[in-house]
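Participant: The listed protein sequences correspond, in order, to chains A and B. Numbering of the first sequence is given in the working numbering, commencing with residue 1 and proceeding in unit increments. Numbering of the second sequence is given in the working numbering, commencing with residue 1001 and proceeding in unit increments.
There may be inaccurate statements among the hints.
Stated by the list, open to error - Mimicking DSBU-like on lysine-lysine, the simulated pairs with C-alpha atoms at most 35 Å apart in a straight line are: (1) 149/A - 1077/B; (2) 1171/B - 1126/B; (3) 1239/B - 1165/B; (4) 1194/B - 1077/B; (5) 1348/B - 1309/B; (6) 149/A - 1239/B; (7) 1171/B - 1194/B; (8) 149/A - 1194/B; (9) 1348/B - 1278/B; (10) 1309/B - 149/A; (11) 1175/B - 1194/B; (12) 1077/B - 1348/B; (13) 1126/B - 1165/B; (14) 1348/B - 1165/B; (15) 149/A - 1027/B.
Stated by the list, open to error - Calculated Cβ distances over 12 Å to all of chain A for the following chain B residues: (16) 1033; (17) 1080; (18) 1084; (19) 1086; (20) 1113; (21) 1125; (22) 1134; (23) 1212; (24) 1225; (25) 1227; (26) 1274; (27) 1279; (28) 1293; (29) 1365.
Said to hold, decoys possible - Chain B regions said to be covered by chain A (calculated; three or more residues, Cβ under 8 Å): (30) 1172 to 1185; (31) 1194 to 1205.
Derived by calculation from the structure, the hints in this document are not laboratory data. We treat Cβ as the ideally placed atom computed from N, Cα and C, and that holds for glycine.
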Amino acid sequence: MTITSSIHPDARVLAPAAPARGGSAALALPALLILAGAAATFLFSGYQLLLAANIVAYAIAILGLNLLAGYNGQISLGHGAFLAIGGYATAILMSRFGVPYWLAVPLCGLVTMVVGFLVAIPALRLEMLYLALATFALAVAVPQLAKNKLVSGWTGGVDGLSLPRIRPWSALGLDVDQTVYVYTLLVAIVAFALVVNLLRGRVGRALEAIRDHPVAAETMAIDVRFFKTAAFGVSAFLTGTAGGLGAIATAFVSPDSYAFFLSITLMVGAVVGGFRSVYGALFGGAFIVLMPNYAERLSQGAPWAIYGACTILVMLVMPSGLAGLVRAAIDRWRTRAR
Amino acid sequence: MALTRRTFALSTAAAALLPRAASAATKFPGVTDTEIRIGSTGPLSGPAASWSTVNKVVRALFESVNAAGGVNGRQLKLILLDDGYSPPRTVEQTRKLVEVEQVSFVTAQIGSAPGLAARRYLNDAKVPQLFACSGADAWIDEIRTYPWSLGWAPLYSDEGRAAGKWIAANKPGAKVAILYQNDEAGRGYLRGLKEGLGAASPGLLRAESYESTDPSVDSQIVSLQSTGADVLALSCNPKTSVQAIRKSQDTWRPQMFMNSSMTSVAQVLTPAGLERAKGALSFAFAKDPTSPAWANDPGVRDFNAMMDKFGAGLPHDALAALGASLGATVVQLVRQCGNDLSRENLVKQTMAIDLDVPMLLPGVRIHTTPQNRHPVRELRAQRFDGTSWTLVAQK
């Protein structure tokens, strides 16, 4: 008759409806995505590989945003700042300190994570709208910092910074574009595995409990402050890493690369892809990179109007985003198959 | 089945990314007997969209040339893609222009950061990046490292240098102060001003900067006033220029030097006060189509006619004049290449352009050599007389 045993059944009821994941079926989807991603290395070339690398990098960034805003309820309109920090950290490590790219990217993730923790502390006091505004201010301020006289020797100031060339993995028969893409894909696999694992267990439930009902979470002995700070840190780590990957793909960083619109773009991508979904981040990344190309055929000045229209459409028609749509379709097929 | 649906979605996306079938093999990339494909990128969307007037006027000029039969029998086809002034997107679109659209060369890319981002790829791919719309020093300083890339307009530092030299020559003993926007244009102008002033004494007393998001520059102006300077150089955007002119001409009234983005009578000087701006100096290279001084100029009349016919809806302003002049340079280059439109020859011919462009100021001529590849470097001094800018007579 302990409190724990009487809470357990309730906790399972309150837990979010995790999709029924049994054994091998749960691995089929990730395995398929990895296979498709790997196949792209040899099916695509040049420009397409650049697009693919950017899609995967943005997917990691949106994954970070989903973790913080979707799963933990801390709305951030400033994730562009973390992209900027990650991108610049990678550029500076590679060009000023000669650090190889495969080491620079994880390091920049750690640097951004530290910044994330620092931001998380005052963020604990802010709720919803105020947090969104404060993070937006961060998104505006951080790229400007790169122009500051004190650091412009390191950051390249207004003209930006070129990254050194990547040496291709010629032993595997890959050229530079393929190398960058495969490296980005490998980092993505690790990042997604990390997050899926994190969200599946106690940590995921704690984060969502904090989002849904912080007071109740506190009374269930969940350390709200710790989890909120940790969520910020991990989110920053992911988005910073994505910033580093983006910097490598473009081989250039500048304050203009991280204009404050980027933060809004990430949020739109997260919503369209599926706000509370890990795999939705992939849809979101694809949306951000590919939509402007399609919009150009309608009207060359169109992208922002279409971003807005898509966001409204998604809110009305499929609030769980594209991922929610796919999941609903899968569930409908499953029930039909039985 | 559900897995197949996701696979289907993925493969459709993949198919969407695949390029169209390659066009029939041609001797020179992007060139056929009837057409030459030319690529460009610019901010067609987003906050910097007004700059894309330049690309659109280049396109209008090409269309007017095509209507008259093209160049050596070939139509000039400009393929313009949007990059939203975002360097990562510029790289994507530039690669699309080269690999998917298969253009001969890329021209008139707007912006320093976007152009510099695309520079390395274009040089690696040996595709000419001609006449980039950016005044950054890098286009001249690093031309040996990136020989396939070329700027066009005078650099921001050229304007500052012209101002500094003018002050040193005509106002010895002047005490100079400068307010500049903290971006590449402002920083470049400051650098050039210092160089132009050189050993002049006392020279530059103080430099104050501002961010484009600052609501007011009153404190900077007051700080500059306190130095006792009698010359104020300004490198500002239109909105801030109005504030700076008003504040500085209140009690201080220094001799003003303005950079070229501040000289619009309608946009800047009228709101600031025409009387206040009287006597200000600036350095320009192109004719302002809105200025009454050029109302009867045949070059401007032709420009207006071309814009009315092929550039409907576009403003007839300084950016349009820049676009028309740049477009004319491209047309001349293609003409000079004749039937050898290889990328190598295109670059070679850029070192041998000798051209008078109707929309450039008298005395400003494009004359390139292998040692001096940058097309436009000259600037002419002009003074505001209360209604329009008039050229200061050349010595």
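Participant: Indicate, hint by hint, whether the structure satisfies it.
Facilitator: Hint by hint, here is what the structure shows:
| no. | hint | in the structure |
| --- | --- | --- |
| 1 | 149/A - 1077/B | 43 Å, violated |
| 2 | 1171/B - 1126/B | 47 Å, violated |
| 3 | 1239/B - 1165/B | 27 Å, holds |
| 4 | 1194/B - 1077/B | 43 Å, violated |
| 5 | 1348/B - 1309/B | 33 Å, holds |
| 6 | 149/A - 1239/B | 24 Å, holds |
| 7 | 1171/B - 1194/B | 15 Å, holds |
| 8 | 149/A - 1194/B | 17 Å, holds |
| 9 | 1348/B - 1278/B | 45 Å, violated |
| 10 | 1309/B - 149/A | 48 Å, violated |
| 11 | 1175/B - 1194/B | 13 Å, holds |
| 12 | 1077/B - 1348/B | 22 Å, holds |
| 13 | 1126/B - 1165/B | 38 Å, violated |
| 14 | 1348/B - 1165/B | 33 Å, holds |
| 15 | 149/A - 1027/B | 50 Å, violated |
| 16 | 1033 | 27 Å, holds |
| 17 | 1080 | 7 Å, violated |
| 18 | 1084 | 7 Å, violated |
| 19 | 1086 | 6 Å, violated |
| 20 | 1113 | 4 Å, violated |
| 21 | 1125 | 9 Å, violated |
| 22 | 1134 | 10 Å, violated |
| 23 | 1212 | 9 Å, violated |
| 24 | 1225 | 23 Å, holds |
| 25 | 1227 | 19 Å, holds |
| 26 | 1274 | 32 Å, holds |
| 27 | 1279 | 31 Å, holds |
| 28 | 1293 | 33 Å, holds |
| 29 | 1365 | 29 Å, holds |
| 30 | 1172 to 1185 | holds (count 3) |
| 31 | 1194 to 1205 | violated (count 0) |
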